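Enquirer: Take a look at the letters that make up each chain.
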Amino acid sequence: MTYEQARDYLLKKAAEMGLEVEVLAIESREFSLRARNGALEEITQATQGGIGIRAVLQGKAGYAYSEERSPEALDWILAEARDNALLQSGSGAFLPEGGALGQHDLLGEGLSASAEQKRETALGFEQTLRSDSRVKNVMFAGYQETETFATLGSSKGVSGAYRNGYASIGGSAVMQEGSSIKQGWDMSVAKEFHALDPGQTALDFIEQTGRLLGAKPLQTGRYPAYFESKPFAFLIAMMGNFLLSGKSVQEGKSLWAKQMGQRVASEHFTLLDDPTLPKGLASRPFDAEGTPAQRTVLIEQGLLKSFMHNSETAKALGMPNTGNAYRSYKGPLGVASTNMMVEPGSGLQMTRGVILTELMGLHAGVNPVSGDFSVQALGLWVEDGQVAYPVENFAVAGNFFEMLKNITALGQTLEWEVGFGIVGTPMVQVAELSFAGA
Amino acid sequence: MLAESVVSDVLAKARQGGASFAEIYVERWKRRNLRMLNGEVKEATSGLEYGAGVRLFYGTEVVYAYTNDLSPQSLLDVTDTLVRLRGQVGQPDASGKGGLDFRKAVAQGLHSPKIPLTAQDKRYRIERLQEAEAAARVGPEIKQVQTQLMEWEQEVLVANSEGVWAHDNRVRTRYYTTAFAQGEVGMQIGSAAPGLSVGLEIFDLYSPQQIGQKAGQQALTNLRAKPAPAGTMPVVVGNAFGGVIFHEALGHLLETTSVAKKASVLSDKLGEKIASDAVTYIDDGTTPHGWGSSEFDDEGAATERTVLIENGVLKSYMVDKLGGLLTGYRPTGSGRRQDYTYAPTSRMRNTFIAPGNTAVADMIASIEYGLYAKDMGGGQVKPGSGEYNFGINEGYIIRNGRIEEPVRGAMLVGKGPDTIQKIVSVSSDLVTAPGMCGSLSGSIPAEVGQPHVMVSEIVVGGQA
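Note that the protein sequences, when read in sequence, are chains A and B.
Numbering that gives the first Met the number 0 numbers the first residue of the first sequence as 0 and each following residue consecutively.
Numbering that gives the first Met the number 0 numbers the first residue of the second sequence as 0 and each following residue consecutively.
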């Protein structure tokens, strides 16, 4: 049966069992081309999907999902979700009321191009990468596109669907100059195939990675830090999604839980979440529970203004639902940012310190609970306001809560980055961080 | 899982389309996940995952397709599409022929659960997690305890145009305890998470009391810990998950995934001395009930014990089928993938440093000022440059040959080829621990392990 038929089957069967259910089905199509030495080395073509339910019975919620759409598999997930719900001791679970949300197409003809054009894109990207004699090896390089179709329905009247997708080029290559070796990676993502520029992305890559060759050790010390947008985006995506999540707040894990309205960052810092941005990579008409998309100011000039909520966390904390419900068909209800944005400032004045170009090991080196972070970094040493030389083999450490309060300036240009979420941010200057090296 | 005739038809169609090699991978997963917070069930999830991946080689060019429509017509259509796709963007040829004689191999149950997942109900599981939670509450500072149980059952069939037909069953169980301690200066966590290719005997092998207590004590230790120092110094890396240092600094550089493209700093070094004499490094896919064990790899090859480095000399890489074609090295049963949505590539299984003979006390006694990294978090590496890192979950200062005050929040960073030359000594207390490893073919269960290891110098990323 189709996903729509499966959704209707589940809603009907659930009603017979006395269960309230919310059904989320995701279908996706992937096409990717990996190039190497002027030829394609791997072609991937796929269609895949699944259907997941949240079932509520006696104020208790349980989850189950399946990638099979046979009646037997769907009956199994209904029974499992009911059993899983009954394990809960609370009685406050509920499904939000909703209505018809319509069918939306956020992709349109974005991926319309011939296989030949896509092949040229993959090959062109790899060829330009290899055009610099310092590029010793391309580990992988290519084109990828994904198209998804999400369908939502519930016993409480929610019903809607949307089609979305993106195209990307990306890769990783090793560059060498003398005995200095650096491996870089980069990715460029767009909602439209024709917005991709493989030559430019490759040249950017060479510039980004090449400037790190010949890196010197960094002396251990405390210096001003200038985050480029990519490393700052990764850090803010990870920390913001934890500390500002209504779920972390509700479960007593976020240190910001009791600081609503208080100063959590310097007055230069404003952070918001906006799923309504036209062409935003994470834009969508409604969230995983069917709550319509809305723009939310999270931190305004350093003051904590809002957490991100789904219906459950909003109700539990007595705050307005911000429409940030997140769920994959495989997982339970959560909270996630969409297009998260750090508002640009009036520009930085670099004096002396370290430009951070990349952070590595964030999953291990950032403790979202304590705010302590210590991560491997790559960067450029700045002296007298000028880039002096690249630096390596060091870690940058600090406390996220203190760091936000020590932001002294922000760049003027917003750049969108992908990784741990979709985040737009300018360069960010922090008064001082700790650097461990030689 | 699929009729032999369907498999034969798919492989024959691919060969007729000019593929030099064709493979079909089919799997079905049943996964259950239970998360509790402060004694109450927050979320219980059950799932069925079911899909197939068809992989064709045209020489060393790969085309891959996956789907979760496993009807014979769909699988034939997918194969047709692949052949056409390759024809559309590559060079079509027609050397293939059908007709296959499969050598059927079925798992013998070497890693099967002693206590099957069906032996107890969900109440039993909740009670075990509640025991871990109670044990984690080692002091009034422990404000929250989260526990989680994951159960994975996977049935796999891999067949290929060379007559391989391997049917494997894999069951893995892991549970997590995380304690949140709150003091005047903030919040800190401690955690423990044992996992093996076992069933419910996980709770007997690692008692909830022991695991809960470990998480709780670690949270308390971190609460009173001062920021770690910054700079280059000698480090004693603890056993068990301490093995993550070699996983990052060395293991990933020995996978043909990067070696075949000469994109690893350790490419073309077989037979060379690449590490200090103290280092013998083994990747063993056959460890009974190991977290990363299976009877067959995800390309249908029997797993094996592969000695990678012996007394500092590089003996073997980890080789998958494509890596073998590209390098000429013999495949080592190392082809792995997260699931059918990924084509396989060479990956680690259960990888560990063999025991040495230095006493831990002697290592500590030899250090005037340094760090004891007792328990580790995850890490990351760039194989092309060898730059790696890993985080410390629990650490202590070593001063004048003695372990002293606890320190927190430090990442260790270095360059793999340098670090492995700086392994001064290895103790005899080998212990292994489970982790999830992410790479080109997705996130897979991989075990790391080592005895205590002393590194003469490494950058400790604490507070300057």
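Mixed in with the good hints there might be a few duds.
Said to hold, decoys possible - Derived lysine-lysine pairs resembling DSS-like cross-links, with alpha carbons at most 30 Å apart: (1) K272/B with K59/A; (2) K329/A with K261/B; (3) K414/B with K329/A; (4) K272/B with K135/A; (5) K142/B with K59/A; (6) K304/A with K314/A; (7) K229/A with K113/B; (8) K314/B with K304/A; (9) K414/B with K155/A; (10) K41/B with K329/A; (11) K257/A with K314/B; (12) K190/A with K215/A; (13) K257/A with K142/B; (14) K135/A with K314/B; (15) K215/A with K268/B.
It is worth saying that the hints were derived from the structure and are not from the lab.
All values derive from a computational prediction rather than experimental measurement.
Enquirer: Please work out if K304/A and K314/A have their alpha carbons no farther apart than 30 Å.
Expert: holds (17 Å)
Enquirer: Against the 30 Å threshold, does the CA-CA distance of K215/A and K268/B hold or violate the hint?
Expert: Holds - the C-alpha atoms of K268/B and K215/A are around 26 Å apart, at most 30 Å.
Enquirer: Given the proposed pairing of K229/A with K113/B, does the C-alpha separation stay at or below 30 Å?
Expert: violated (48 Å)
Enquirer: Between K272/B and K135/A, does the CA-CA distance stay at or below 30 Å?
Expert: holds (24 Å)
Enquirer: Is K314/B within 30 Å of K304/A, Cα to Cα?
Expert: Measuring from Cα to Cα gives roughly 59 Å; hence the hint is violated.
Enquirer: Is the hinted pair K41/B and K329/A satisfied, with a Cα-Cα distance of at most 30 Å?
Expert: holds (16 Å)
Enquirer: Verify the proposed pairing of K272/B with K59/A, using a straight-line Cα cut of 30 Å.
Expert: Distance ~61 Å between K272/B and K59/A Cα, so the pair is violated.
Enquirer: Taking 30 Å as the top limit, are the C-alpha atoms of K414/B and K329/A close enough?
Expert: violated (38 Å)
Enquirer: Straight-line Cα separation of K414/B and K155/A no greater than 30 Å?
Expert: violated (56 Å)
Enquirer: Are the Cα atoms of K135/A and K314/B separated by 30 Å or less?
Expert: Measuring from Cα to Cα gives roughly 25 Å; hence the hint holds.
Enquirer: Would you check the hint for K329/A and K261/B, treating anything up to 30 Å between C-alpha atoms as holding?
Expert: It is violated: about 38 Å lies between the C-alpha atoms, which goes past 30 Å.
Enquirer: Tell me if the straight-line CA distance from K190/A to K215/A falls inside 30 Å.
Expert: At roughly 39 Å apart (the allowed maximum being 30 Å), K215/A and K190/A break the hint.
In summary, the numbered hints that this structure violates are 1, 2, 3, 7, 8, 9, 11, 12.
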